[in-house]
Amino acid sequence: MPPKSMPMSGRRAAYATAPARRFSPVTAKRLFVYFGRYRLLFAVVVFCILLSALAAVAGSLFLQILIDDYITPLLGQAHPNFAPLLKAILIMGGVYLIGIVSVFAYNRLMIIVSQGTLKHIRDDMFSLMQALPLRYFDTHTFGDVMSRYTNDTDALRQMISQSLPNCISSIVSIVAVFCAMLRLSWQLTIVVVAVAFLMIKVSGKITGKSGEYFFRQQNSLGKVNGYIEEMINGQREIKAFCHEDEAKKGFDLVNEELCQDGAKAHRYANILMPIMVNIGNLQYVLIAVVGGALAIHGISGLTLGVIASFLQLSKSFTMPVSQVAQQMNSVVMALAGAERIFQLMDEKPEADQGTVTLVNACLEGGELQETPEHTGLWAWKQTDENGVSRYRQLKGDVRLFNVDFSYDGKKTVLQDVSLFAKPGQKIAFVGATGAGKTTITNLINRFYDVNQGQITYDGIDIQHIRKSDLRHSLGVVLQDVNLFTGTVLDNIRYGRLDASDKECIAAAKTAGADSFITRLPQGYHTVLEGDGSGLSQGQRQLLSIARAAVADPPVLILDEATSSIDTRTEAIVQKGMDALMQGRTVFVIAHRLSTVRNAQAILVLEHGKIIERGEHQELLAQKGKYYQLYTGAFELE
Amino acid sequence: MIKQLSAFIGEYKKDVLLSPTFVILEVIMEVLIPYAMAYLIDFGIEPGDMNVIIKLGACLVVAALLSLLFGALAGCYAASGSAGYAKNLRKGLYYKIQDYSFYNIDKFSTGSLITRLTTDITNVQMAFMMIIRLGVRCPVMLVFALIMSFSISARLSLIFLLILPVLAGGLYLIIRKAHPIFESVFRTYDKLNNVVQENLRGIRVVKSFVREDYEKEKFRSISQRIYEQFSKAEKLLAFNGPLMQLCIYSAILLISWFGAVHIVAGNLTTGQLVSLISYAMQVLMSLMMLSLVFVMITISQASAERICEALNETPDITNPAEPQYTVANGDIDFENVGFSYAKDAGKLCLSHIDLHIRSGQTVGVIGGTGSSKSTLVQLIPRFYDVTQGAVKVGGVDVRDYDLQALRQQVAMVLQKNILFSGTVKDNLRWGDAGAGEEEMKEACVMAQADGFVGEFPGGYDYQIEQGGNNVSGGQRQRLCIARALLKKPKILILDDSTSAVDTKTEALIRQAFQSNLAGVTKIIIAQRVSSIMDADQIIVLDHGEINAIGNHQELLANNAIYQEVYYSQTKGGDDHAA
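Residue numbers (my numbering), protein chains in the order written: chain A, 1 to 637; chain B, 1 to 578.
Don't read these hints as lab results, they were simulated from the structure. All C-beta atoms in this analysis are idealised placements derived from N, C-alpha and C, irrespective of residue type, glycine included. Some clues are possibly wrong.
[Stated by the list, open to error] No more than 20 Å apart at the CA atoms, straight line, and that leaves these computed lysine-lysine pairs for PhoX-like:
1. B/Lys488 with B/Lys504
2. B/Lys216 with A/Lys249
3. A/Lys119 with B/Lys96
4. B/Lys235 with A/Lys119
5. A/Lys119 with B/Lys14
[Stated by the list, open to error] Non-contacting residues of chain A with respect to chain B, defined by C-beta distances greater than 10 Å in every case (computed):
6. Thr27
7. Leu51
8. Phe178
9. Lys264
10. Arg267
11. Asn281
12. Gln479
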């Protein structure tokens, strides 16, 4: 579950239905850009397809030649010489062989093109997704996003690997047969072309319809995916509330919608072929009647033989035309998937105009110098337009100046918040739920950007710091813990990838997690699955603290980091935490008095404003809100 | 497997049967049409008989229209039949998953269940549609074309029989090799789904630790694996096309040669040779389509097996044969309970639990992190079954109750609170689907949620986002409490569910419970002693065993753990504590 982040905002619902739509031609174009990577290979593929198509065309012409030039002369001969016939058949065999080999070749090569393209699309989609702002994740159903990686790319797969070669070879046949027809009779060819035009028109209409529904189908599929994901994730609630029946009803609704859209899409797709084929049949009759009449009445010099051959050809012409039409179905289905994929890719990524970077530094003659090796000393590197770099030591001085913030532009969450944290200070946020405590920390690490005011880090506006470097300099323990599939060690190492096993274990000890980890079946190498479902909430928090400890950042943000840890364990953790917080700037949101008490500054928030600030004793003496909260019981939030 | 899967056709039987029926009619037309066409050439065009041309032309037009009608109907029924089938299958599987226990779900993983419900079912749907359309068409076509070609020349038609085994053998080999690869492809799909899901849910962690590149690498390796496995499988399938062509072309060449010989010998006319070859094309085309069907079946077979695997999973928590439907009261008894998630008596995480709670009591549970507090209470609504001993509610073993009836009486506010996308009202109605506005408000007042809900734009109609993303942690917890109260249970369990609620508010909630829920058994797991010190009994858990039971005074006097916890929390605060 994503951590709390957006107190009270009125953004759009997670299940916003996408309107039915047609595809922009841009989608197809963008797909072709992906093929562009395989330009050379693709050229070879097209060449092979051409070869195989030509072999097929040669095959269809072969029979007539065989009969006219080889069989008929043999008729009536007393001692027919079969040698030329055999030779012709062998030559044809050779042509066919070339065709077969090229089919095999392009089939194999096409796999590289299609699977490679899919892989690139998937990878790009994931990379771009990682760069999206949190707002995107707050407002989109996870299962729907997941569907783009599986169901939508799957829809693409079929098109690339099958339809493309099919279309190309069909077009070759069309061209070849067209030439042959022209040679026989241009008048009848006009009839054929007119009918072909009609076929294209009809198929355009139908595929337009099926495309629309395929797009809906992919959207519904995404919705079903989203529903399932949310429900399986909330399975505990479902069971606790005997909500199975409602969960089923809700599912039936989205499932029915998917069924309707799918049925309609496939209905349009399925009737296309019979329509095409039979338009072809009608055309056959038309040509037979018209041609027959013309020939019998001796108009236009058509012989009956020519018409007979032409009729054969016309069949070979409409066949590939309807093939192409049929393939358009898979194309529109694929485009429906592609459209959704590109939708995700086109989301606006997190803005990052920061140029100030974080570098390792060392002191040389009192001057900060950049060094490649890890020194434990860090510096902000600012480079001006002349290419001159200035360095400023990383200390952990964080200040907010008159910050206003709203998640949705309507409801103000923070109002005129100013505060400063000097290096090494501990700042505590206190206040009722929804007062905006977590929001402040979300602004410091730029999950969201301030609407008004400014936040500085070591005197530099955080907007000018490269986001990744800013976040590297901040260690965060979030309220809700997310673990990843992998070993316990992997999960701790998430804080700093180059941390050694020893360092990770040391961090676990600091966080008080060592004792429970060593009791796990494989200790630190126990594989956690399903967001660490086998661990208790408190244990997960301990791991999360260990993760931050191993990251070793100058500034720590602890958002109710110990809320689910019992006080005895916390007492153990506390020692480690104190060591961890030593010399660091710490922002802490906690309801444990023990954590808040010794803060240099306690900020009491109410409705997005700081209403009281000071040290523990001062605030008590003020007898204000803090005093009220404090004397309510042992602890405060 | 086929029997099991075909049971889901259900009310779409009509569509599923009508479709192939129309396919057969369409095929008959398709076979007749070229026959008439050849006739048209031989007896109309060649002799130049306009009468025949017109007559046959009219017949052909009718035939084409019929063929169009049949084809379209077949297509429509196939579409609705297969979409309906997929719907039923998806529904069946989803319903089945609702019966899963957590143990079952963890076994499959969420990502895997999602793949099975969408991607796998889509595969089966596509294969199903192909089967009802082509699975009938191809054999019928094949038989017709064979009959026709045999009637033209039995001897030449023997060539087909020669080629068939080559085709069948080749196809069999390809399919047998490709099947296991497809199985592993879908397993990798599960992993892909899991990685994407973890990333979506943990995006804040990813961003905080600037782990985007690391995650991309992780994703890339899985994406690469899909690429490799799919390529491997498709490389095998790539043999299919050339194999078919090899057979088609050989047949045509053989027929041409022997046909020529026959023609010269006067046993065959050229017209017959032309139709023979066109039938040969038809035979081989239908074989080719059939092979495509087989390929599709190969892909979907892997999917179908995965679906069946999930369908056949036995939920490890089920209703008893003769369930008890009424829960007498809120008594809870643990009788020498031992429990292990792995169902292994050697690795118990709860042991020797003996507990007796009377209806209406308030019970506090306190204990260290990982002391199995949550595990203990999850046995009461039978989220898991005990490994040893018995848990009784209202004097009856929980395993003897109807699951719904039991859980209806046990309301649980979980540690990890989840709200669902929908309005505040929708979420509250989880507790009681028929709850009116009054009742909802009442529950929210008790849970101290009414105040902030009122401040939401739209109040009770305010939209909650997935996971309850747009309300703060404390608000979420209070809404979850209200939701549980609406159930009007006999037993109410709060699993550390006020951790993000400030102390004052929490005290108000407790007060409301005291005065309004006197008859309800209340079990409260808490970290703060203040949350439970007024309880009738307090259970101190330590490493899965009961360390002590007593009220606040008793424990404070006798129990070392309790004393430690109490003093650690009051230390420094006692001079101000109320």
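Hint-by-hint comparison with the structure:
{"no.": "1", "hint": "B/Lys488 with B/Lys504", "result": "violated, 24 Å"}
{"no.": "2", "hint": "B/Lys216 with A/Lys249", "result": "violated, 37 Å"}
{"no.": "3", "hint": "A/Lys119 with B/Lys96", "result": "violated, 33 Å"}
{"no.": "4", "hint": "B/Lys235 with A/Lys119", "result": "holds, 16 Å"}
{"no.": "5", "hint": "A/Lys119 with B/Lys14", "result": "violated, 41 Å"}
{"no.": "6", "hint": "Thr27", "result": "holds, 21 Å"}
{"no.": "7", "hint": "Leu51", "result": "holds, 12 Å"}
{"no.": "8", "hint": "Phe178", "result": "holds, 20 Å"}
{"no.": "9", "hint": "Lys264", "result": "violated, 8 Å"}
{"no.": "10", "hint": "Arg267", "result": "violated, 4 Å"}
{"no.": "11", "hint": "Asn281", "result": "violated, 4 Å"}
{"no.": "12", "hint": "Gln479", "result": "violated, 6 Å"}
Violated hints, in rising order: 1, 2, 3, 5, 9, 10, 11 and 12; the structure is consistent with all others.
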